[in-house]
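Build the full structure now, drawing on both the sequences and the hints.
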Amino acid sequence: MIGQIIREAWISIASYKMRTFLTTLGIMIGVAAVVMMVAAGQTVQNTITESFESMGGNLIIIVPGQSVSGGVRTARGRPSVTFSDVDSLKGMKDVVAASYIVSTTAQAVYGSNNWNVSVAGTTPDYLTVGNWEIDRGIPFTDRDLKSGNPYILLGQTVIDELFGLQDPIGKTIRLNNRPFTVIGTLQPKGDGLMGDDQDNIIMMPATTLRQRLRGSRRPNYADVAFVKVSEENKMETVANRIEYQLRARHRLKEGTDNDFTIRLMTEMVNQARNVGMILSILLASIASISLIVGSIGIMNMMLVSVTERTREIGIRKALGASNRWIMFQFLTESVLISFMGSFVGMILGVVFSQIGGFIFDKTVPISIWSVIISVSVAVIVGVASGLMPAIKAMKLDPIEALRYQ
Amino acid sequence: MNDTHSPVIEVKNLCKTYFMSGGMSQSVLKDISFSIEAGEFVAIMGHSGSGKSTLMNILGCLDKPTSGLYLLNGDLVSDKSELELASVRGHEIGFVFQNFNLLMKRTIADNVSLPLIYQNIGEKERYERALRMLEKVGLTGYENRFPSQISGGMQQRVAIARSLINNPSIIFADEPTGNLDTATSDEIMNLFTRLNQQGITIVLVTHEEDVADYAKRLIKISDGRKEYDGLRQSYQGRQEAK
Chain A
1 MIGQIIREAW ISIASYKMRT FLTTLGIMIG VAAVVMMVAA GQTVQNTITE SFESMGGNLI
61 IIVPGQSVSG GVRTARGRPS VTFSDVDSLK GMKDVVAASY IVSTTAQAVY GSNNWNVSVA
121 GTTPDYLTVG NWEIDRGIPF TDRDLKSGNP YILLGQTVID ELFGLQDPIG KTIRLNNRPF
181 TVIGTLQPKG DGLMGDDQDN IIMMPATTLR QRLRGSRRPN YADVAFVKVS EENKMETVAN
241 RIEYQLRARH RLKEGTDNDF TIRLMTEMVN QARNVGMILS ILLASIASIS LIVGSIGIMN
301 MMLVSVTERT REIGIRKALG ASNRWIMFQF LTESVLISFM GSFVGMILGV VFSQIGGFIF
361 DKTVPISIWS VIISVSVAVI VGVASGLMPA IKAMKLDPIE ALRYQ
Chain B
1 MNDTHSPVIE VKNLCKTYFM SGGMSQSVLK DISFSIEAGE FVAIMGHSGS GKSTLMNILG
61 CLDKPTSGLY LLNGDLVSDK SELELASVRG HEIGFVFQNF NLLMKRTIAD NVSLPLIYQN
121 IGEKERYERA LRMLEKVGLT GYENRFPSQI SGGMQQRVAI ARSLINNPSI IFADEPTGNL
181 DTATSDEIMN LFTRLNQQGI TIVLVTHEED VADYAKRLIK ISDGRKEYDG LRQSYQGRQE
241 AK
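Those protein sequences? They're chains A and B, same order as listed. The first sequence begins at 1 in this note's numbering and counts up one residue at a time. The second sequence begins at 1 in this note's numbering and counts up one residue at a time.
All clues given are correct.
Within a straight-line C-alpha distance of at most 27 Å, the following computed DSSO-like cross-link-like pairs (lysine-lysine) qualify:
no., chain 1, residue 1, chain 2, residue 2
1, A, 17, B, 124
2, B, 105, A, 395
3, A, 90, A, 146
Sample of chain A residues lacking proximity to chain B, with all beta carbon distances greater than 10 Å (derived):
no., residue
4, 134
5, 217
6, 231
7, 275
8, 355
9, 372
Just so you know, these hints were derived from the structure itself, not from any lab. Beta carbons are placed, not taken as given, at the ideal position from N, Cα and C, and that holds for glycine.
As structure tokens, then:
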């Protein structure tokens with residue numbers, strides 16, 4: 001019986017090709033929009049997560065100054081974390097590495113090329129902490145840090161802009177008119193969280209930067225410090241230990257606020273993931289509106305169809321079709337329309353998501369759940385929007401229906 | 001076909017009253033009783049509004065009587081549910097309508113085999129049986145055409161083929177020549193006569209004397225009551241005597 005009903009429903013909707021196509025179009029656009037929007041949200045979510053992860057996993061970030069004190073925002077970034085504070089954390093239990101950064105921007109010049117670049121004065125451990133890898137050449141050492149040697153590591157963008165296809169190793173470039181020797185290059189990392197280019201960077205020993213590029217009355221203070229922890233579940237404990245140790249070193253009395261802020265990368269990643277998820281839900285909700293509009297289109301079309309085919313319904317009933325048969329035939333027609341629309345919409349959604357990914361140079365994941373849910377929703381929508389017309393068809397009096405002109 | 005001596009249709013004290021809003025009611029059929037034996041060719045005649053169509057709708061299981069009994073092949077159908085009535089229509093009854101009532105977007109073969117869908121008969125068998133029925137009404141070779149591609153007379157023959165396909169106990173023809181010219185009407189009525197000669201029970205509802213002439217028996221309905229029930233020729237003789 002089901003096979004017969006599906007066949008009859010199929011022949012009926014195939015008889016009105018243009019009308020069926022236009023009705024299907026509504027659901028098609030709705031499902032495609034949902035799939036695309038969910039994919040877009042997922043891509044944003046993944047980009048955020050990847051950006052955080054590219055900064056290094058299991059990371060604790062120590063920012064000098066207290067960002068919020070008793071609900072009031074205080075002066076932020078006032079130097080408070082010293083190089084030796086960070087060095088003292090290296091021996092702490094469960095700490096893999098600790099490093100700090102002093103940063104500035106500078107005009108880099110090589111030959112006739114010049115380029116504005118971020119400069120990070122740091123320690124050799126920063127490569128481990130920040131998940132940086134040396135592409136070619138060698139990293140600078142603790143000895144270079146101690147001596148303030150003018151050795152630098154170049155990010156890929158800087159190499160491209162200053163050297164083109166030339167090999168930069170061993171070459172001397174000028175930063176704010178001071179000479180520095182390139183001893184290594186860094187493997188590319190891509191865009192950062194805010195779309196900033198992480199490869200537009202020059203790294204050098206922190207002491208070198210202090211002495212040659214950015215002098216300070218307090219030369220041994222870090223702009224930001226990083227601690228890499230051995231395991232994710234030990235981050236809270238290590239953070240507490242760091243707080244305790246830094247408070248002791250800064251001789252902070254009980255009851256006073258920290259003069260530093262400790263942030264856990266895992267928390268930030270989770271926050272970012274939540275933002276991404278909310279974004280996905282929001283986008284999918286907006287896209288669902290088109291799905292609702294599509295379903296109203298089906299209901300409208302089916303109601304018109306029942307009216308137009310009143311006599312057909314009368315004929316079928318006279319020839320032995322039960323009310324139930326008639327209802328299922330009309331319901332099957334709306335489900336078929338909805339299913340076809342959602343199937344094509346799903347394919348369009350996937351294809352357009354990938355095209356979008358290609359244009360924006362992003363890997364766009366297709367969530368199998370967004371596909372399953374949107375197709376299920378479409379079928380439910382098909383049943384829901386087809387139910388009223390189907391019941392209307394079922395209730396038609398065969399005698400009246402046969403008289404219908 | 002049934003045993004020639006047992007009535008296919010038995011109607012006892014059949015009444016149909018339509019109840020309208022405001023407590024009004026209209027009695028359309030009043031105390032009708034008759035029986036039709038297998039193999040009979042009966043014309044139900046009456047003027048417009050006489051109640052003949054209502055009677056045919058009840059006999060065709062499209063409507064239910066307000067009171068009285070209706071037995072089809074000895075089975076009481078007046079109390080059956082909608083689902084059971086649909087089954088009776090599908091298995092026991094064949095309909096031929098004035099305006100043919102074919103599905104215009106389906107082929108001739110699809111139209112003829114339509115009643116078999118509701119009996120869960122497979123596509124191949126449906127098609128084969130449709131071809132056999134089309135042969136019976138002289139439309140071999142037309143199976144893949146659409147109703148709009150053939151004449152009115154042919155369309156009515158398709159409808160007759162459709163009414164025969166479920167091997168029914170009885171065929172109800174409601175003004176089957178109403179939309180046809182005289183020559184085509186004769187052609188259709190001759191086809192009914194031929195089918196009746198093959199043993200098929202036919203009940204014809206008409207207001208045309210010429211068409212009723214093809215039937216052997218006449219039931220005349222007037223103002224909801226049975227006015228005459230007997231041989232067609234006797235009725236003619238009575239009318240002439242008046």
